[in-house]
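Visitor: Going down the list, the sequences are from chains C and L.
Going letter by letter, the first sequence gives residues 1 to 132 in the working numbering.
Going letter by letter, the second sequence gives residues 1 to 132 in the working numbering.
Hints are computed from structural coordinates only; laboratory data are not their basis.
Just so you know, these numbers come straight off a predicted model, no measurement behind them.
The C-beta atom is built at its ideal place from N, Cα and C for all residues, glycine as well.
Check before you lean on any hint, since a few could be wrong.
[Stated by the list, open to error] Distance windows between CB atoms, simulated:
#1 L:Gly-62 with C:Pro-126: 37 to 45 Å
#2 C:Glu-68 with L:Gly-96: 47 to 55 Å
#3 L:Gly-71 with C:Glu-68: 26 to 34 Å
#4 C:Glu-128 with L:Glu-127: 38 to 46 Å
[To be verified] Not the full set, but computed from the structure, chain L residues with beta-carbon under 7 Å of chain C:
#5 Met-36
#6 Val-77
#7 Cys-106
Protein chains: 2
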Amino acid sequence: MSAVDPAATLQQLAFNADGLVPAIAQQFDTGEVLMMAWMNREAVAETLATGRVCYWSRSRQGLWRKGETSGQQQRLVDFLIDCDGDTILLKVDQDGVACHTGRRTCFYTAARPDGLTEVAMVQVSPEELYKK
Amino acid sequence: MSAVDPAATLQQLAFNADGLVPAIAQQFDTGEVLMMAWMNREAVAETLATGRVCYWSRSRQGLWRKGETSGQQQRLVDFLIDCDGDTILLKVDQDGVACHTGRRTCFYTAARPDGLTEVAMVQVSPEELYKK
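Given these sequences and hints, build the entire structure.
Guide: Laid out in structure tokens, this is it:
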């Protein structure tokens with residue numbers, strides 16, 4: 001996606017008391033929901049400017065350029081805002097796996113009548129992912 | 001989906017300081033991301049017990065049985081939890097439209113190089129939706 005001036009988008013977004021908005025990442029072609037993370041104003045601006053998805057890490061309290069350590073980057077395909085401006089939907093092209101556990105998606109645990117069930121397999125070991 | 005005992009799921013979920021977890025609703029067959037809302041423990045338990053999606057309305061501070069007023073209910077198809085238990089992904093079968101604006105999805109505004117762009121049409125007028 002070509003660079004987007006973030007001004008109009010930032011004006012449209014309703015950041016919470018911590019200055020954050022949740023952002024859902026969805027693989028653009030398969031429709032798979034990969035993960036949810038948070039963005040502050042700076043992460044939104046950087047993502048729109050560079051076309052590489054950048055979140056805000058609440059645990060590290062810093063910008064989190066997805067794939068920085070693991071190499072599993074997210075290329076931005078489309079950037080959508082919901083009706084009340086308090087959630088972002090990122091259509092992305094995910095390199096490899098999105099989850100730090102080595103699974104394609106973070107949503108791999110299903111609540112089923114017969115109990116919690118794993119529905120996605122580990123594709124890369126976390127050791128492999130983070131040794132790079 | 002058959003009723004699910006919520007105990008294991010509630011134990012797995014990491015509710016925030018307000019006792020809430022964000023829940024993404026995705027149409028189970030098309031993969032369309034419809035909306036994001038919030039659930040408290042009671043909304044999770046009711047959703048798993050009844051198979052009809054129930055959120056927590058932060059504005060009304062009460063349970064929000066999706067479709068109660070508009071008739072546009074969400075039938076639960078699968079209930080997924082992410083790796084750190086702080087986000088829910090609901091696979092649903094959405095009756096009609098998910099958005100209070102009468103659009104199928106709440107994510108109808110795209111940030112594009114040529115400005116904010118509407119990418120989903122109104123399918124039912126809000127007057128029609130809420131007169132029922």
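Visitor: Would you mind marking each hint as holding or not holding in the structure?
Guide: So, going through the hints one by one against the coordinates:
Separated by about 41 Å at the C-beta atoms, Gly-62 of chain L and Pro-126 of chain C satisfy the suggested range of 37 to 45 Å. At roughly 42 Å, the beta carbons of Glu-68 of chain C and Gly-96 of chain L sit outside the given window of 47 to 55 Å. Distance hint for Gly-71 of chain L and Glu-68 of chain C: a CB-CB separation of about 46 Å, inconsistent with the stated range 26 to 34 Å. A hinted range of 38 to 46 Å is violated for the C-beta pair Glu-128 of chain C and Glu-127 of chain L, which are about 56 Å apart.
With a least beta-carbon distance of about 4 Å to chain C, the hint placing Met-36 of chain L at the interface is held under the 7 Å criterion. Contact between Val-77 of chain L and chain C, as hinted, is not supported at the beta carbon level, the nearest pair being about 10 Å apart and thus beyond 7 Å. Annotation: Cys-106 of chain L was flagged as interfacial toward chain C, and the flag holds, the nearest CB pair being 4 Å apart, inside 7 Å.
Checked against the numbered hints given earlier, this structure breaks hints 2, 3, 4, 6; the rest are met.
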